[in-house]
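Below, each chain spelled out in residue letters.
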Amino acid sequence: MKHQTPWRWTPVILGLFGLLALTAVIGLATGAGKVDFGELIRALSGSGDSMANAIVTRIRLPRVLVAAVAGAVLALGGLTFQAILRNPLSEPYILGVSGGSAVGAILGILAGFSRFPGVGLSAFAGSMATLALVVFLASGRASFAREFLILAGVMVNAFSSAFILFLMSMVQDGKIHTIMFWLMGDLSSPDMGQAAVLCFSAVPCFILVLVLSHRMNLLLLGNDKAESLGIDVKRTTLLLLVATSFMVSATVCQCGLLGFVGLVIPHIFRLVLGTDHRILGPACILGGASYLVFCDAAARFIPSQGEIPVGVVTAMIGVPIFITLLRRKA
Amino acid sequence: MSERRKGAVLAEHLGFSYGGPEGDAVLSDVSLDVAQGEFCAILGPNGSGKSTLMRLLGGLEKPVTGHVEFFGKPLASYSRNERARRIAYVPQTVSVDFSIAVRDLVMWGRSPHQGLWGAGSSVDREIVDEAMAFTSVSTLAARDARTLSGGERQRVFIAAAIAQEPSLLLLDEPTSALDPAHQIRVMDLLTRLKTERNMAVVTVLHDINLAAMAADRAVVLKRGRVAAIGPVSDALSRNILENVYECGFHEDRHPCIDVPRFTPVPGKNPMSN
Chain C
460 MKHQTPWRWT PVILGLFGLL ALTAVIGLAT GAGKVDFGEL IRALSGSGDS
510 MANAIVTRIR LPRVLVAAVA GAVLALGGLT FQAILRNPLS EPYILGVSGG
560 SAVGAILGIL AGFSRFPGVG LSAFAGSMAT LALVVFLASG RASFAREFLI
610 LAGVMVNAFS SAFILFLMSM VQDGKIHTIM FWLMGDLSSP DMGQAAVLCF
660 SAVPCFILVL VLSHRMNLLL LGNDKAESLG IDVKRTTLLL LVATSFMVSA
710 TVCQCGLLGF VGLVIPHIFR LVLGTDHRIL GPACILGGAS YLVFCDAAAR
760 FIPSQGEIPV GVVTAMIGVP IFITLLRRKA
Chain E
946 MSERRKGAVL AEHLGFSYGG PEGDAVLSDV SLDVAQGEFC AILGPNGSGK
996 STLMRLLGGL EKPVTGHVEF FGKPLASYSR NERARRIAYV PQTVSVDFSI
1046 AVRDLVMWGR SPHQGLWGAG SSVDREIVDE AMAFTSVSTL AARDARTLSG
1096 GERQRVFIAA AIAQEPSLLL LDEPTSALDP AHQIRVMDLL TRLKTERNMA
1146 VVTVLHDINL AAMAADRAVV LKRGRVAAIG PVSDALSRNI LENVYECGFH
1196 EDRHPCIDVP RFTPVPGKNP MSN
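In order, the protein sequences belong to chains C and E.
All you need for the numbering used here is the position in the first sequence, starting with 1, plus 459.
All you need for the numbering used here is the position in the second sequence, starting with 1, plus 945.
Worth double-checking, as some hints may not be accurate.
With a Cα cut of at most 30 Å, we get these calculated DSSO-like pairs of lysine-lysine [stated by the list, open to error]:
#1 E/1007 with E/951
#2 E/1167 with E/951
#3 E/951 with C/693
#4 E/951 with E/1018
#5 E/1007 with C/693
#6 E/1018 with E/1167
Because the hints were derived from the structure by calculation, they are not lab data.
Go ahead and model the full structure; you've got the sequences and the hints to work with.
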């Protein structure tokens, strides 16, 4: 207990950086049904054939980047919502972001927009509209009553689900496939431009959340105690809500609804590292990124043709890890 | 009262209602002052406005009418952080349902003195160690705060409040969940804080005898109004208590120390006589 300084966290951070580097290499080397490190090295050094070079740098690299940023956003988003709503079941979509963006995206798909930027923008508009609605409904109350926020989010999501099913029952088969893929989360086919857009949307939010991470600690003590320690609870909550929802929406636009990462990664780190958001924040960013990059590689590697939805892999790997940890700690 | 009393907090004609001026009044026309190095107890039945008064004194809620002065300046003119460096507040219940080492929790009390990121300096660590020694929780430093008993938890939160280095310490029913021995220990702690550190201590208490033993002054509230205020020897009397609590009391002297002692008398309702 001697070292209370942030230095005690250095090994954790370095370890997670190492993990992210490792998973990124695996992700870049993984193609349908095979992992080929030799090909990766040849492509990166420029000595491979132009076909292999193109696959690694034009297809796999943006995909690994998007997976990394999406995993980081979802894990950090889950952590933030679990802290400000003080509810362990919170995930990044809890305030209606998933429902709102799904409605927006499906309307975009039905209107015949292109995958990017058309559907992305309509999804983003949908999620921002829901966020504005939920925050507006909650803002009349002292310090945003948490139960109210959660209930408003659940209701918006429930209404959206009904609306989505309604829309899906009205359309012809061709578009159902696109919609289903989007609802299950889809990391396929981003280009470097899309990866860059996602990075530029997410990184400022990361910085804001990390800067406010000690305030998230104090919020855990309850509104009165936090206020008495000098925290503007209402403003801090609003800032965190907006920053988190913004980066989650940007991610959802790009990748659809990737479930589970945002729920379980923060819990795993909380079990291992304890409750200090100054380390949990960076850990979720690096750990969430590594996790999704790895799961995406597995989703491409396991089937010999095509790929399985990455959402299936995140749950199938994450649940056993989580339950094992929970049992050991309990 | 001598002229030399150095006022820490002064409240004048406080009125408060939830939901603005039209709401039902929770407090009306409450005035009080507490000096440095003074222990003031706030008493009254459930729902008489004690906790609301504490929140107004701590600046967590703004009065609808009247005003609070803190060291000669309006409390509202202090910035959040200035206020947090000088007033510590220990709410009635702080639920710790997350894993955290006791020492880290006490360190969080230093936040108003630290930067946004709460990086602890060696001075912070010394103050935290000292605060934990003061409330005898040093041996619990590495314990998970969820596993503490009620008495330990209360002393940990008082340590966190001491680490905040306030001039005014507000505690909302610090003894309500504690056994008699721990109640006395907390009172001793608060007495030492006022004498050794010259803190102004304001505490909501349900136990009249605890207040009579430990406090210098008492404010007795009834339905949001001050029913009695002054040195405990004046403010606490059988007549006042029977009127405020609407229950019979027997008054005698404490057998060991020179303070009054009050015992509720069953079946006797002074208001129906």
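Against the structure, the hints come out as follows:
For the hint linking residue 1007 of chain E to residue 951 of chain E, the alpha-carbon distance of about 24 Å falls within 30 Å, and the restraint holds. Annotation: proposed proximity of residue 1167 of chain E to residue 951 of chain E holds, straight-line Cα distance about 28 Å (limit 30 Å). Of the supplied pair hints, the one linking residue 951 of chain E and residue 693 of chain C is violated, its CA atoms being roughly 35 Å apart against a limit of 30 Å. In summary, the hint linking residue 951 of chain E to residue 1018 of chain E is supported, as the alpha carbons are separated by about 14 Å, within the 30 Å threshold.
Taking the CA atoms of residue 1007 of chain E and residue 693 of chain C, the gap is about 15 Å. The hint holds against a cut of 30 Å. Pair hint residue 1018 of chain E plus residue 1167 of chain E holds up; C-alpha atoms about 28 Å apart against a cutoff of 30 Å.
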